[in-house]
Amino acid sequence: MATKVTMEALSPTMEEGRLVKWTKNEGDQVKSGDVLAEVETDKAVMELVARGDGVLRKRLANEGDASPVGTLLAVIAAPDENIDSIVGSAVPAAAPAASSAPAAAAPSARPAPSPTQAQSPPSTPPPQQAAATPSVAPPRPAAPRPPAPPAAPRGNGSAQAAAPSAPGGRQRSSPLARRLANERGIQLGAVQGTGPGGRIVKRDVENAKAAGGGAARSAAADRLATEGDFKDVPLTQIRKTIARRLAESNGPVPTFFLTAEYDATRGAELRTQLLEMGEQYKVSFNDIVIKAVALSLAEHPEVNAHWLGDKIRHFNRIHVAMAVAVEDGLITPVLFDADRMTLWEISEKARELAKKARERRLMPEEYTGATFTVSNLGMFGIDQFTAIINPPEAGILAIGGVEEKPVVIEGQLVVRERMRVTMSCDHRAVDGATGAKFLQTVKRYIENPLSLII
Amino acid sequence: MAVLTYRDALTQALREELQRDDRVFLMGEEVAQYNGAYKVSKGLLDEFGPMRIVDTPITELGFAGVGVGAAMVGLRPIVEFMTWNFALLALDEVVNAAAKMLYMSGGQFKMPMVFRGPNGAALQLSAQHSQAWESWLAHIPGLKVCTPGTPADAKGLLKSAIRDDNPVVFLEGEMLYNTKGEVPDGDHIVPLGVAEVKRQGDHCSVITHGKMVLVAMRVADDLAKEGINIDVVDLRTVRPIDVEAISRSVQKTNRAVVLEEGWEICGMGSQVVDFIQRECFDDLDAPVLRVHQEDVPMPYAKNLERAAKPDAGKTIAAIKKVMYLD
Chain E
1 MATKVTMEAL SPTMEEGRLV KWTKNEGDQV KSGDVLAEVE TDKAVMELVA RGDGVLRKRL
61 ANEGDASPVG TLLAVIAAPD ENIDSIVGSA VPAAAPAASS APAAAAPSAR PAPSPTQAQS
121 PPSTPPPQQA AATPSVAPPR PAAPRPPAPP AAPRGNGSAQ AAAPSAPGGR QRSSPLARRL
181 ANERGIQLGA VQGTGPGGRI VKRDVENAKA AGGGAARSAA ADRLATEGDF KDVPLTQIRK
241 TIARRLAESN GPVPTFFLTA EYDATRGAEL RTQLLEMGEQ YKVSFNDIVI KAVALSLAEH
301 PEVNAHWLGD KIRHFNRIHV AMAVAVEDGL ITPVLFDADR MTLWEISEKA RELAKKARER
361 RLMPEEYTGA TFTVSNLGMF GIDQFTAIIN PPEAGILAIG GVEEKPVVIE GQLVVRERMR
421 VTMSCDHRAV DGATGAKFLQ TVKRYIENPL SLII
Chain H
1 MAVLTYRDAL TQALREELQR DDRVFLMGEE VAQYNGAYKV SKGLLDEFGP MRIVDTPITE
61 LGFAGVGVGA AMVGLRPIVE FMTWNFALLA LDEVVNAAAK MLYMSGGQFK MPMVFRGPNG
121 AALQLSAQHS QAWESWLAHI PGLKVCTPGT PADAKGLLKS AIRDDNPVVF LEGEMLYNTK
181 GEVPDGDHIV PLGVAEVKRQ GDHCSVITHG KMVLVAMRVA DDLAKEGINI DVVDLRTVRP
241 IDVEAISRSV QKTNRAVVLE EGWEICGMGS QVVDFIQREC FDDLDAPVLR VHQEDVPMPY
301 AKNLERAAKP DAGKTIAAIK KVMYLD
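Residue numbers (the working numbering), protein chains in the order written: chain E, 1 to 454; chain H, 1 to 326.
Hints were generated in silico from the structure; no laboratory data involved. Nothing here was measured: the structure is a model prediction, and the numbers come from that model. Where is the CB? At the ideal position from N, CA and C, for every residue including glycine. Take the hints with a grain of salt, since some may be wrong.
Derived DEER-like restraints, expressed as beta-carbon distance ranges [to be verified]:
id, chain 1, residue 1, chain 2, residue 2, range
1, H, R278, E, E47, 37 to 45 Å
2, H, R278, E, D53, 40 to 48 Å
3, H, A301, E, K31, 56 to 64 Å
Going by beta-carbon spacing under 10 Å, a handful of chain E positions derived as facing chain H [what the hints assert, rightly or not]:
id, residue
4, S174
5, P175
6, L176
7, A177
8, R178
9, R179
Construct the entire structure; sequences and hints are all you get.
Structure below.
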């Protein structure tokens, strides 16, 4: 039985993917799990794997083509299997079947079979046959059947016409299939549709393994959803009113900003001393800040929070995302359980994630699931800025550069290393005083950096 | 339970209601001395006399109006049309008088009457005499519309219709009069607005009414041999319509074919599909398909007439399509 290779949703937010490179040629033998192509999603370059065994008979997308999720990209089938109707089905159907009711109800009114149909060897099993399950599809009629029309009668069987960039490549699915997939945690992008035009129907969802395809999303989701790792705080009336009124006033995320200046002299000294001990002890100022933020979040779960619309979720675990600039945007890889990592572990992991981010090799589970985000533009000579909150997180901390400044300490004008941080807070979840107390704790850690390594 | 023809079941209902309530009377063309064009009123003139079983001139608008007047003064008339094709002449009385009277009189005049007669195509009666009018009549607020498909329902629904204080349109079928079925003895009542699942199945709902119930039952038998079990929902009354029964069935089977005798555009099936998409959207695994008469005046030629009518073959094709089996 033929297997359709479609553009799959390889990241939680992916709607379209660009085929970077085919790794298999037409005629290659492939088996389930083999990498067929590299696909660039909105976040990273991912591998598209085969979901069936056979020969890669037809590639329908060219390298560089962008296709919506669900678009037919290739067909895997037996060497002698007739795949015309599947290839033809890549042509988007002009209208749902129901709109042609007279023709649908009266077989005699159907247009004559197209040449491709007429050539179909009778041995070709209709795609749904192998997928049939007893609970859905009854036994097939034993009597000889008239030549089976292709799944999408409107397809003309031309591979050229089947270019995946054609409009209407939206993945089709029945309302019931969507509901069942949702109930069972199955991502439709990973399901092969066997209905007309590739429509995903009930039997396809029932045949899909719950684990397949949903893994990327659930890994991150599971990480945050584990019982006991968070505490949901029901919204009080005052909280609801604050949320509603402030959102009316200031966009969907009513943000306010808190700026503080910290003395980084001791932090700078610590860095120097550590470096003198050897290259293996080298940490960046960013690492120090992440560690300080992570420890502070542990003391302020109300900041380590998500705004969920009907409640606020305070997390017990601390997953700090760090914004990394990449060629054409930015991405926020996550340091999971950052409060439990040593400064050097943070340093090493942050370097690794930043490198992967720049190479676009981050996996979805590496950039989703944060409870708080830190953004640092100090290395660009920015001394202070405001960062945009990544919802549903309740806050983000913007880190400016460390620079020497004259300051007055105990009546004396002295030169110290100073840094400014600005926290953007979602006012629905975090109030001014709450944020300010958090920044005081961060200050305590930053200005007493030994506390970060003991 | 006796096995009766649809015709005899109707006669039995008429007789029982004429006996039960002396305000009930029957009038129409040839209902008395000729025992009715289709013999539904056979023997009633002898039993109840010319004051209760009344022959009328060939004036549909006239005697329908007499019926409306009789109902206004407290009688319970049953007006027989030789066919509903002839009743087009009387629609002003049905639609503008009977259906509106309670409303426009501020509740002063009830309209306890029945308009009945054969509806839809028979065989080779050509374009003017082969029409199914239920969607026209069900369109009208103030009317109730019965479409019995079996002898038992014909009896039970006609008794309900006669006892109802609203004008009830009662659509029979010329091709149904000779069909036989078990009919409960005695005061068998089928309430208006309650559908019946005539055959239980899990694979596809076939929602239908009137003469097409027989087609659906034949389809159910044929498909059962292939292992396909369809749920046959007989609406029995198309106004009021039993939306709950439709929903229950479609929620069970996840797919539906709506079968009716009339034309496609604005047919009863359009309304049923509308209910399904509203009530069962998340239960649907396939678009709902309809089977109906082709969109042409009924041809006279036998072969063309056969091609124009909805039938078992078209219904089976639609069922297989919504099951993704074709």
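Going through the hints against the structure:
Judged by the Cβ atoms, the range 37 to 45 Å given for H/R278 and E/E47 holds: they are separated by roughly 43 Å. Range check, H/R278 to E/D53: about 44 Å between beta-carbon atoms, so the 40 to 48 Å window is met. Separation of H/A301 from E/K31 is about 60 Å and conforms to the stated range, judged on CB atoms against 56 to 64 Å. The interface hint given for E/S174 is met, as the beta carbon of that residue sits about 4 Å from the closest beta carbon of chain H, less than 10 Å.
Satisfaction of the interface hint for E/P175 is found here, the shortest Cβ-Cβ separation to chain H being roughly 5 Å, below the 10 Å cut-off. Hint on E/L176 holds. Least Cβ distance to chain H is approximately 4 Å, under the 10 Å limit. Proximity of E/A177 to chain H holds as hinted, the smallest CB-CB distance being about 7 Å (cut-off 10 Å). With a least beta-carbon distance of about 8 Å to chain H, the hint placing E/R178 at the interface is held under the 10 Å criterion.
Given the 10 Å rule on beta carbons, the hint for E/R179 holds: about 5 Å separates it from the nearest Cβ of chain H.
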